[in-house]
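Participant: Between the sequences and the hints, there should be enough to build the whole structure, so can you do that?
Number of protein chains: 4
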Amino acid sequence: MIIVLKPNISKKDENEVLKEIKKLGYKPHVMRGVERTVVGAIGDERTHTSLEVLGSWAQVESVMPVQKKYKLVSREAHKSTSIIKVGKQIIGGKKLQIMAGPCSVEDEVQLMKTAHAVAKAGATILRGGAFKPRTSPYEFQGLGEKGLKLLAKARRETGLYVITELLSEAHAELVAEYSDILQIGARNAQNFQLLIAAAKTGKPVLLKRGLSMRIEEWLLAGEYVLSNNNPNLMFCERGIRTFETYTRNTLDLSTIPIIKKESHCPMVIDPSLGAGRADLVVAMCYGAVAMGADALLIEVHPNPAEAWSDGAQQLSLEGFAKLMEELKPFIAAAGRE
Amino acid sequence: MIIVLKPNISKKDENEVLKEIKKLGYKPHVMRGVERTVVGAIGDERTHTSLEVLGSWAQVESVMPVQKKYKLVSREAHKSTSIIKVGKQIIGGKKLQIMAGPCSVEDEVQLMKTAHAVAKAGATILRGGAFKPRTSPYEFQGLGEKGLKLLAKARRETGLYVITELLSEAHAELVAEYSDILQIGARNAQNFQLLIAAAKTGKPVLLKRGLSMRIEEWLLAGEYVLSNNNPNLMFCERGIRTFETYTRNTLDLSTIPIIKKESHCPMVIDPSLGAGRADLVVAMCYGAVAMGADALLIEVHPNPAEAWSDGAQQLSLEGFAKLMEELKPFIAAAGRE
Amino acid sequence: MIIVLKPNISKKDENEVLKEIKKLGYKPHVMRGVERTVVGAIGDERTHTSLEVLGSWAQVESVMPVQKKYKLVSREAHKSTSIIKVGKQIIGGKKLQIMAGPCSVEDEVQLMKTAHAVAKAGATILRGGAFKPRTSPYEFQGLGEKGLKLLAKARRETGLYVITELLSEAHAELVAEYSDILQIGARNAQNFQLLIAAAKTGKPVLLKRGLSMRIEEWLLAGEYVLSNNNPNLMFCERGIRTFETYTRNTLDLSTIPIIKKESHCPMVIDPSLGAGRADLVVAMCYGAVAMGADALLIEVHPNPAEAWSDGAQQLSLEGFAKLMEELKPFIAAAGRE
Amino acid sequence: MIIVLKPNISKKDENEVLKEIKKLGYKPHVMRGVERTVVGAIGDERTHTSLEVLGSWAQVESVMPVQKKYKLVSREAHKSTSIIKVGKQIIGGKKLQIMAGPCSVEDEVQLMKTAHAVAKAGATILRGGAFKPRTSPYEFQGLGEKGLKLLAKARRETGLYVITELLSEAHAELVAEYSDILQIGARNAQNFQLLIAAAKTGKPVLLKRGLSMRIEEWLLAGEYVLSNNNPNLMFCERGIRTFETYTRNTLDLSTIPIIKKESHCPMVIDPSLGAGRADLVVAMCYGAVAMGADALLIEVHPNPAEAWSDGAQQLSLEGFAKLMEELKPFIAAAGRE
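These protein sequences, in sequence, are chains A, B, C and D.
Taken in order, the first sequence gives residues 10 to 346; the numbers are from this note's numbering.
Taken in order, the second sequence gives residues 10 to 346; the numbers are from this note's numbering.
Taken in order, the third sequence gives residues 10 to 346; the numbers are from this note's numbering.
Taken in order, the fourth sequence gives residues 10 to 346; the numbers are from this note's numbering.
What the hints contain is simulated information worked out from the structure, not anything from laboratory work.
Treat the hints loosely; a few may be bogus.
Identical copies go unnamed one by one, so any copy, or any two together, can satisfy a pair.
[Stated by the list, open to error] Below, computed lysine-lysine pairings styled on DSBU-like, alpha-carbon distance capped at 35 angstroms:
no. : residue 1 : residue 2
1   : K97       : K32
2   : K31       : K94
3   : K337      : K32
4   : K129      : K337
5   : K80       : K31
6   : K20       : K36
7   : K36       : K162
Keep in mind the model is a prediction, meaning the values are calculated, not measured.
Facilitator: What follows is the structure in structure tokens.
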């Protein structure tokens, strides 16, 4: 921690600060500059009480942390890139993985038709919401366990693995029973109890970024998974809230190189929510692949105009197959398979 | 719903849109303007499937909802202002209620000392966190049930009512047993399962605004409480995330007149988190009272510099007593008691 | 400046950093912590080249400034609160000043009617736009010099002083000839050439905060006025852009205590743009007065429904007179006149 | 315009709204829905007074525009993609154009060395700031005319065309004399007088997006250029302000497909400011090319660690040459040259 003192404070006031720093277990180190005196507090910021409280002292101007708060998710802690095994597939390896499927599981016909189509076009993982978090209590909340059973059936029939959202601690075991990857949605990105419950199932966890989350907060949320003994964490950017009204969210592709620099965990891009419009999803996928994403999570629906939730952002089956073809030169350019 | 068509589309394309609108249960009403044709879709937007999906159709430029999505929290549904009874106290009545106490319950001495002091200075409700949501898994997470028991003891000794945070569905009954008001924190403001669990305890619920939440989303989150048969909801502004770095959050006092216009539920202001600095809390309280807040939620600590969490934003016992005195002329000017 | 080095770098890499720090004129001071080595660079950050460039060096993790960049606007540089004389009126003194008038000057009848009404209700300064910055080139851009002449006529007839916006360097002398205070609008808050031109006229300058400006940037923009030999600067908060859609902007009243703490310059609140709706302006004014604003800048129009620009946010003459009455208890509570 | 009336208003109140709509030159068209009555106002929203003022009427709930406000920049007005000729080069054609050079022109050696190196590596346009907008008055403000002359010399020696920033109306002719493209910076993106002055020089204009600008506002700012008889406009994304602190700004690559859909003007990406760190620029360039950018604007410096401004985000000469090689497969994949 670095503590910047106010200019022209008395020796007595300065000593009080130094005393408190020592009391909290740090060793103070004083540097006198031209206009300000700065105190470095030597000690492990993660195991000691935070010194941020000093920021409210009359003689202190600001307090700045020096260490990064995240540890297990950081590349410092784990130099090599982590890979996550999902059955026979590897996320974070040379092969770009495609997770595709409808926003919500609606019925058997819709899901099977979509599952067969995305498998044929090259996807390896089936996405589909059985429990849906909806802004309004009057909107469709998902089929629940019935939806999970349909996903399991689609897995049996197509060989696709399954990713679906977990939104209640109370469902953790149930969802883990039917799903190969647990998805934590943006609105629950700092629902730490849910993260712990997800981690404890032992299944791989895909953690979406919150709507206005800083990358440091995202990494720390991921730390809740790894520190609960689950190493199989992947991050997923799905768009942040900005002032823009043209799209629902702004997909932040710069998270790809940043997360890869700061963390060893694989990085997934979900362009559907970020674009909020099917006609922009394609360009987002090109960019994501070029910038090094390990996997894409894409909403696909047999009849987007009839989808029960978020229809505007889902590709048709034909649109998805076309996208898979068009992605090939970018996958090659990025040195992926 | 209003559907704006693209300019110069064919009659056939237009008819397809009209057909889909009818299929989804609305009655289309066509208006031809100078550059655009606009279709009004007559029907209840809350009970029918959303037409937003039309936004992805090639012939549609935009889709705009006309109705408000929230219902039970709205002033339209309930013209008179709601009051919430907490024991002998009323929130939303003529009396300005003061909820005060430490950010976290740390130990018996700290809590009792604070409780007695805030009661003496005029507070009627004791706040204190027993379960704390922390950005990092390595920070102090609260005393848990032990903290709840200390709160209950403070209630017995001082006559203050208790408000404390609920952050896990699994704790709903436990926390409700010890607390008079359940607080839902900003990070859980769209944790809809937690809102339902809180509503079902029957206790009054204080819903903090999420860090980047729109007022419409906040009202809809509140709708989850009322639609689960709990009419005792109050909203609490605690600061939104902005680009500003001087304070941790930006307290949005304009929520007071807006929530009072849109909703019948009482409005509480928590200036401590918004200011992030004890030295700004006082001015925030003046403004909140002048603008019509029904209650204030204030962090107070016997020794702010030693607080285990968020010390920088807590008032000392003396600071709190002084604030209570200074508020008097503003309470009178606002026509409150 | 504080330079945080990456963990486990070689002695040689560390020395290169120290060498560069010396080369740029600072004296390096090394502190070895538990996980990181931190270097304090002693020297005046305002007169030396910035060390921020070190942030891109492979061996450096982050660079943090210690000094504040603003100087003349700061309270450190000028302990007592500045007052600005505008004719016989004082801004920043005990008297709360009211600046009121239409968003745009439309014609003589509209302006004179408004000027007489606001003067009668207690305003001392007349606002009115002659040059209007408009998002679209197809919107009304103001009457220009004709508008300035009408403002001058209103001043002669009513004794009110005049504030109007300057939006082009080329108009600086012209606008200064007719106006007692020059207003710099939010979109030009970092148009530094315009700030310099305004400062050089010698007239008091009211600097609105930019739509997404940090307080530090605002203070630095003000520094362009004071460092061009014009001490008569006041800051004006008018609402920042947030995600909220209920109001056009979010009025940040916390700027009042913050600016008063950091700077000696007077602080003005413009609630009209922040609220974006006349029906919220009244509550905003209560809050602004309670929190210590030195002046209010209020849009008033004889017939708001016919206003040529921004009608939705203008009070009627009757609404303004009523507000002036209602403000009295809050002015008294705040210890102002 | 669509005007949504409040529920349950009287016939008389409704008629007043209809009367006002007619008075302002529109033809009202009433639609009665389940809970709301909606009025369509038929008429050209660009030539008539705005009806937004009705939003403040007691009987009106909201007012929604139907038409887009921009016209000349829109693809509706100009179906084919515009190309801009800069000497022998074309921006917006099949060839990806590279604009490269230092943030600021510092001296002859620095500029010539950079110009020769970027020309050799494949750039066709030289960037370099002679007038620099700086947040603080105490930072380096650029070499001014001397810098322009050095740019002209570099053009003669290397055959590169020149782009440089215009930041004062007073400099328009001077800068146009030395430069092939005029750059309008983010802080001046809504300095409409500057946009008009730039347009009138007749030189191509590159308009950067403001820090918190919506795409509609950006297009409207561009409309100021085209409506002043200058068809040679290109848009340039350089990163928007978000809550993220890891990078200085967040580069919004989704602007590429959006601007190309809404407008016929070419689209340029400046990754240097968005990344704020040289080590992220490379990945941003891959993404920009994959998503269809027409040109890249890249900061390059012979010795980034010594740059006088924004050093942290400039590539070295070697880094730039390497990037140009690495871009090749992505350029091919995107079907460009």
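Participant: All hints, please: hold or fail.
Facilitator: Against the structure, the hints come out as follows:
1. Taking the closest pair of Cα atoms, K97 and K32 never come within 35 angstroms of each other, the shortest separation being 54 angstroms inside a single copy and 44 angstroms across copies.
2. Taking identical chains as interchangeable, the C-alpha atoms of K31 and K94 are never at most 35 angstroms apart, the minima being 47 angstroms within one chain and 47 angstroms between chains.
3. For the homomeric pair K337 and K32, neither the shortest alpha-carbon distance inside one copy (61 angstroms) nor that between copies (39 angstroms) is at most 35 angstroms.
4. Proximity of K129 and K337 under a CA criterion of 35 angstroms is satisfied in both settings, with 15 angstroms inside one chain copy and 31 angstroms between copies.
5. Taking the shortest alpha-carbon separations for K80 and K31, both the intra-copy value of 25 angstroms and the inter-copy value of 33 angstroms come in at or below 35 angstroms.
6. In this assembly of identical chains, the alpha carbons of K20 and K36 lie at most 35 angstroms apart whether taken from the same copy (18 angstroms) or from different copies (23 angstroms).
7. For the homomeric pair K36 and K162, neither the shortest alpha-carbon distance inside one copy (61 angstroms) nor that between copies (38 angstroms) is at most 35 angstroms.
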